[in-house]
Every structure is written in structure tokens, then in C-alpha cells.
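Enquirer: Here is what each chain is made of, one letter per residue.
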Amino acid sequence: MIRLEKRPQPSRAFSLATPLLAVLATMVFGGLMFAVLGKDPVTSIITIFWQPLFGEFAFYYRPQLLIKGAPLVLIAIGLSLGFKAGIWNIGAEGQYIMGALFGAGVGLAFYPMESFIVFPMMVLAGAFGGWLWAMIPALLKVKFGTNEILVSLMLVYVAEQFLASMSLGLMKNPEGFGFPGSRNLQQYNSAFNADLIEGSGMHWGVVAALIAVIFAYVLLTKHRLGFAIRVTGEAPRAARFSGVNPTRLVLFCLGASGLLAGLAGLFEVAGPAGQVTIDFNVGYGFTAIIVAFLGRLHPIGILLAGGLMALTYIGGDIAQSQLGLPAAAIQVFQGMLLFFLLAFDLLTNYRLRPGRTEVA
Amino acid sequence: MMDLSAINPILFVAGFLVAATPLIFAAIGELVVEKSGVLNLGVEGMMITGAICGFAVAVETGSPLLGFAAAAAGGALLSLLFAFLTQIALANQVASGLALTLFGLGLSALLGQSYVGVKPPRLGDIDFGPLADIPVIGPILFTHDIILYLGIALVAATWAVLKFTRAGLVLRAVGESHDAAHALGYHVKRIRTLAIMFGGACAGVGGAYISLIRVPQWTEGMTAGIGWIALALVVFASWKPWRLLLGAYLFGGITQLQLNLQGAGVAIPVEYLAMSPYLITIIVLVILSADKSAAPASLGRTFHASQ
Amino acid sequence: MKLTKLLTTAALAAGLATGALAQDKTKVGFVFVGPVGDGGWTYEHNEGRLALEEEFGDAVETVFVENVAEGPDSERVMTQMALDGADLIFTTSFGYMDPTINVAKKFPDVKFEHATGYKRADNVSTYSARFYEGRAIQGHIAGSMTKSNIIGYIGSYPIPEVIRGINSAYIHAKKVNPDVQFKIVWAYTWFDPAKEADAAKVLIEQGADVVLQHTDSTAPQAAAQEAGNVITFGQASDMAQYAPKPRVSSIIDNWAPYYIARTKAVMDGTWESTDTWDGIGPGMVGIGEITDAVPAEVKEQALALKDSIASGDYHPFTGPINKQDGSAWLAEGDTADDGTLAGMNFYVEGIEGDIPQ
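Protein chains in written order, with the working numbering: chain A, 1 to 360; chain B, 1001 to 1307; chain C, 2001 to 2357.
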């Protein structure tokens, strides 16, 4: 039988190799599923993984990877700080919505005034909206010790109702013939979060995501606060002895993740999406949780994981249209990828040893 | 014109008993899972998988009861994936649960492709004879299908098992401190795996209640977030079965009340009333926070016996 | 600008390449907002796609992507279809409006058809169905058949499309039954079968013996069936599995004739940007079989109403009609203009309650 033995230190080799193993395993099992569905497995896999990166139209898909990946990375970076410290914000979707509503609200309030000040104000408002929404679970946790997982999750649904209310009421486009949804910020120059170089996909959200990655990396490796985060997650009691203030840590981690999620929402609503609509949120806040774990809560890992998720979305849509694969098959395929990544992670932290079965 | 007399209180109550049933199943299953110290965020995925398994088997065999059995099996089978990830591969529970939901939604849609637009066999209400004719109580309590009563019985059984039996004691011990339970010689992983499967089976039945009785039809994504509400409900109930039952009626009741008020012509801000169950849950969480013993101490933590 | 050029050249190259390979097979793309298995809105658009394949056989190739979120995802999917050499792309949700215009700018040689929107361009047409014509027939049957004089109506969101339907149904129910009262419940969701079931049950409990729905699941049908003496109408699809009762008729979204005609136009090179708002006449709005649960006389009147609407002799919004607040909207004999109908945000006189804001 096989026994698990905890490694004294996570294996570097395996932490690099397991994602590759997981992708390979997903290709094999996903390919089998595609074959069962009557599609050529090899073509399917190539379509999903190769076409967006190196296919004929890669010049178009590569920028799209940035657009799809940026919000995921931006949110996941914020979440990872808290996750490392054992602070579970799973309501990023709500913070994303509130960031978009606050930011777009400011932009729409200024319409149609053209000024360079509008966009920076929107960015501030977006960040504030997300931060504010995350402060609710943070303060309740600090004051009353309520569970932040559940409070933040509940607030997602509250935010969704706000979004519906805003798109049908206050923010509705007065020139939209009564249809729900706000003005399109893409058509309002001062508020439009356009590509910095046209067609590159590089909008301010992508820049912010890259800055967040670097910031998080420095914070975690060089800064005292990063140390506090790591210690709290690994040994909460030791953290207290070493002078970490848990209250401030909770406020910081939830606040930072809310702020980044709010920014992601703002950049999305002012850029690629353009509008506040009832269905504005498409699940980035939840997917980002998965991205954070796939990236092993490491900034660089998150960057790669965000790219990988974006790739499966884009490649998946291509496979749907070119091969007629149902959307559900793509969803199952993504689910498999996550399962394998999570399962193989075992090898990073544990050694498999032949021996008697574990009794636990 | 406001006409509150249009609301029939008897039918209103009978209505939310039905509306609450899927929630009761999903939440009582999750309660047991969490009592064992595991947080499974995959309830929605297991529910929808149960919804299609139950629907497909009921349609193929013509028996809704076989459908419910299949739903339980389907939910439990899917939950085994989660058990494998979290108990054997020691993966993070939050991420594994979310992945399970994603997977379940996709899988159910694949399985259900040929069942769109099909009408399932109907599960009749139990005939209580003269009992159903008792004024007020009769129409409220004695006009339902067997699964609804099973849900209430399951709550009672869970309460009794957790409170009075050795099995319940062991389950709670594992949830409170897996290290201590392990030291006492209990098989932490085996117990948790069983709890996870129970949760999966319950969620599956809850899903099938939607696809076979409450709606009844199959469409992709038809559970529409009820699994997430079930998660909230467990906390709302502070892990106590009877409070969970009450909470399920409250959650179901608010939706019913909201629709009833609209029908009666009361001008209510629908979005804001739709928010209310979530806001109430948060308020309850705050009130309950005084009671530190409520949450299982090992909730969400990975257990590995280091020898 | 550089990218636009690059995209266009690529599209041309792709078009040439695939054109040469497939021997002028016309490629038609469909972008769907829901899953093709939703049994309602997207399901019917997909039926239209299948009818297109049936009609033209090997001369067309259709592709589709389902569950496409409105916003940047839809823009990417449309671009991808255009890059892959699509000649004609149908984008089937209101929220695809601006993305469709954006992509159409980059691919001047590809034709786009956007459902339910109001923005057009040289290569972008819009199309929508006059479902309110079907609502008139439902209103007539409902008003004639109700015994409790209470008609329940399940709305999704308070938007012009839904409000138009409520008004049309009410006007025609009121015509045959002056005592009729509408109870309107907003579900605030496009899709939540459990909530739709609840809404139907609540309406029935409150005395409604007719339930109209502007949501796509069969949940209200099942609720009505269980309740007994309640009638309903199929929505989006025929919902014939609930015939002859509770479902006594239905409005069917029938996109096939339009999809076939527009594809034909692309093949013939006669495609032009248009604004189509078709109803019963051209067959875009189908009226499902009126079952025998409807009294023969009522059925006859309903069919006559259908014929007069189809032929254009009668417009469902013909004055005199006042707005809810009593102010005059349409004078005797006047008919509503399409602009007002498209943005309709008021109830007609007699409907109780306010449109939620």
C-alpha cells in the first residue's frame, strides 16, 4: 500500500511539474470525453490550447487573453493575500459589481463633460466601492467574530440585486428607448478605458493586474506585512506572539482584496464591457478564487493560472463554434482541469511512500 | 389597489412548505458535512446533478421514487470526487467545492441534453383520508407528497442522531478536533467521507425535488442558486437542525410573501425584498456571534495524520 | 486602425481560403445567450438554425456558440466567427447590440443581424417579433374564459417588451370582459423555474384562473395543471406537452422563415440592412393550436382576430386607448406608432399597480 508523508518543505520540482502533469491528464481524460461525444480528441485539444496562442488568428486572440485574464488575475491577487492568512473572502463577485457600479456611477454623473479628471475619479470610486463592500464582512468579523466566508458570499446576492435595480432604474440610459442598461462608456471619451495601444488588449486593467502581481510579490517576500500574512496562515498562535495584530490584518486583507476586485469591476465596465447591465457580472469573482488556488497563492503562479483559465475560455468558445462541442463539455473540461490541478498538488507537499495503509 | 385579503394564509403556508423542501434537503446534508469539519461549497453542483439523474431515471422507468433514489446516488457519487480531493489528495476545500459546482453544472447539462421539453411522471400526494379535511391544518399539513415529509423526518433524524447517538458524538468529535478524534482512534477520513457522501445524497434529492416536483421539468442550470442559499441556511441555523428547518421556511416564506404581496397589488421594491433573506442571514450571523460554540472548530481545515 | 485593417485582410484571406475549399458554401454563425437546451428563447433560435440547415443542405454551414455572456465575450465570439469566414452572423440577445455594431465596423463584408435591438449600420440589420400580436389573442381567450375575472401575469423584468405584452393582453381581455382584473407579478429573473413555479402558484392562490407568462419555463404550466381549473398559454415554444389543458394555445417564436430568407439574400447578393419587426402575418410569431378546452365560439373569434391581425386589417393597439393615468394616448381609430411601442414604459388605463422602477 501507499502511505503519505509530509515533506519538510514543499517540493520545488513538483510545484513546477504538477501543473504540467495536470494539464496533460486533463488532455487525456478530456480527449476521451470529446471522443465519446463523437469529436476528434486531438483536434479538440489543439483547438482549445493551441489555436488561441499560435493559430492563424493568434494576433487577435492573444490580446483577448489579456482582456479575459486581467480581471481574473487582479481579483485573485487580492484574494490570495487573505487566503494565505486564513481570511476567506469569497464574495469578490459582489465587490466586483460594487466597484463597477460606483465607478460607472461617477462616470455617468459627469456625462457628457469631457475632462481628463473623469477617468481617475472613476478609478478611485471603483476602488472605493469594492473596498467598502469588503469592509462589511471585515468589520463584522473584527467586531463580532462573524464568519467572513458567509457574510461576503451573502453580499454577492445583495450586490446582484443592486445591479438589477441600477440597470433598470437610476443608471438606465435616458436615450435607450426604455431598455435596461446604462449609457455605453465606450462612447464617452473621458470615461473610456480604451486599449493603451489599439488592438493590443492592454487597457488600464491589464496594467493594474501586472502592478498588483509585482506589488504582491514584493509584499510577500520583502515586507513585514507579508511576513505577518504568512505566519498568521501557517501558525496563528505564533503570529500573535510575534506581535501580529490580527484585527489590522483582517482589515488589510479583506480591504485589499475588495479594492482590487472593485478596480477589476471598474476597468471592465469602463472598458471591454462598456455598460452597466443586469447581467454585467459573469462570474470573474468566483473563477478568481479558483485561479488563486491554481496559482498556489503565489503571485507569479496566479498570473500563469489566470492566463490558463483565460485560454480555456477562449479556446473553448473556438471549439464550440468550429467543432460543435456543447458549452457544457467545455465546462466539464474546465472542471477536470481544476480537479487534476488540485489533486496533483498533493505531490508538492507530500511524498508517496510504500508502506502500510494510513489508519486515519 | 391593495387587496391583502387576496392572500390566502392557508395556501400561503402550504406553498412555502413545498418551496422550502429542496432547501431543507440540501442544507441538512451540508449541516452533517460541516458538523464533521468539512466545508463543501459544491452543493449547487451536487443538486443539479441530482436533478438530472432523478429526472432521467424517473422518465425512463416511469417511477418518480426510483428517480429520487437515483438522484441520491448521483449526488453521492459526485460528492465522492470532492471526498477524494479533500480527504485523500488533501486539496483545499474551498477550491475543491467551487470546482465541483463548475463540474456538476457542466456534467448535468451534458447528461440532460435529450431531456429538454420532456414531462416527467408525477409523484402523487399522500392520501391522508379524512385528515386532509380538517379545517386549516388539513390543507396545510396533509396535502403533500412523501418526499416533503421525508425531508422533515430527515431533520428530526439528524437532530436525534447528532444529539443522542454514539455515531453523532463521533461525528461531532471529528468536527471539533480531528487531531483529538484521531488520537482516540477514530477514522477521521472515513467518517468525513461518509458525511460528504450523505451530504451529496441529500443535495441530490433536493435537486430532484425541483426537477420532479416543484417545477417539474429539466433545463440546464435550473437549480438557479438554491445550493448557495442552502449554504447560507446552515450558518443561519448555527448548525442546529431544528433552526435549519425554521430557517428554510423563513427563506422560502420570504420569496412567497414577496410574490404574494406583488399579486395583491402592494407596491414593493422587488429588488430590495429579494435582498432581504441575505441581509437577514447576515444579521442572524451577527446575533449568533455571541455564541462561539456554534461553528465546528475544525471547519474547513485539512486533516492529515502525521505519524 | 492598424488592427482593423489586419482583421479585414485576415477575414478576406480566410473568406477566400474557405471559399475556395468549400465551393461557395455560405457560412452562417449564431451567437446564443443561453444554452440551446433552455427550452425557450435560445432553443427556438437554434430550431431556426436547424431549419436553415434543412432548407439549404450542403449549401450552408452553420456554427454556433451558446452561453455567451453579453459584453466582451460576445464581441470576441462574433469576431472569431467572422475570422473563421462567416458570411452572416445572427446575434440573438438585446445585450449584444453594441458589441455587434463594434464588430461589424471591423468586418464590412460580413453581414450581421441583431435581434431585438435598435442600432443598425450598413452591414447590420435588426429583427424582432411583434409578440404583442400574439398577446392580443391570448388576452381575448383569457378574458372570454375567466370565471374569477382575475388573470395572472408573470413578468420577467419591467422592460418595454414585457410591458407591451401586458398592455396588449389587457386591452383585448377587457374588450370581451369589462370586469377583468390583471394581477402582475415580476419575477426579476429571465430564468429561474422554481421561482416561476412559485409565482404561478401564488397567482392561482390569489384567485387567478388564467395565467399568462413572459418567462420561458414550463413551470407555470405544471403549477396550473396541478391546481386544476386554470388555463395557461405556451410561451416561446409551443409547450404542447401541457395541451389540451392547462395550455390552451401558445405564442411560438418562429425564426426559421426569417433566417432562411436572410441567408438566401446573402447567397443571392441581395442582402441589405433593414429593420424587421414581423408579427403573425409573415409567420415570425406563431400561434400554437387552440385546443378544444376553449369553447368553439371563443376559438372562432380568436382565429378571426388572428387573421385580421395577420392581414394587417387590425392593429392590436387601436384607439381609443388612454394611459393608466387617464391621459389620452390614441384617439379613436389611431394606431400606435412603432417608436412608442418599442419604448413602451406605461400601462394602459385600467391596469392596476405601478411599473416597478
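Calculated from the structure, these hints are not laboratory results. Accuracy of the hints is not assured; some may be wrong.
[Unchecked claim] Chain A stretches covered by chain C per the calculated footprint, using a threshold of three residues with CB under 8 Å from any CB of chain C:
id, stretch
1, 171-180
2, 319-325
[Claimed, not checked] Straight line, CA to CA, 35 Å or less: simulated DSBU-like cross-link-like pairs of lysine-lysine:
id, chain 1, residue 1, chain 2, residue 2
3, B, Lys1119, C, Lys2174
4, B, Lys1119, A, Lys39
5, C, Lys2323, A, Lys172
Even for Gly, the Cβ is constructed at its ideal location relative to N, Cα and C.
Enquirer: Hint by hint, say whether it matches the structure.
Expert: Outcome of the hint check:
| no. | hint | in the structure |
| --- | --- | --- |
| 1 | 171-180 | holds (count 4) |
| 2 | 319-325 | holds (count 4) |
| 3 | Lys1119(B) x Lys2174(C) | holds, 34 Å |
| 4 | Lys1119(B) x Lys39(A) | holds, 30 Å |
| 5 | Lys2323(C) x Lys172(A) | holds, 22 Å |
The structure agrees with every numbered hint stated previously.
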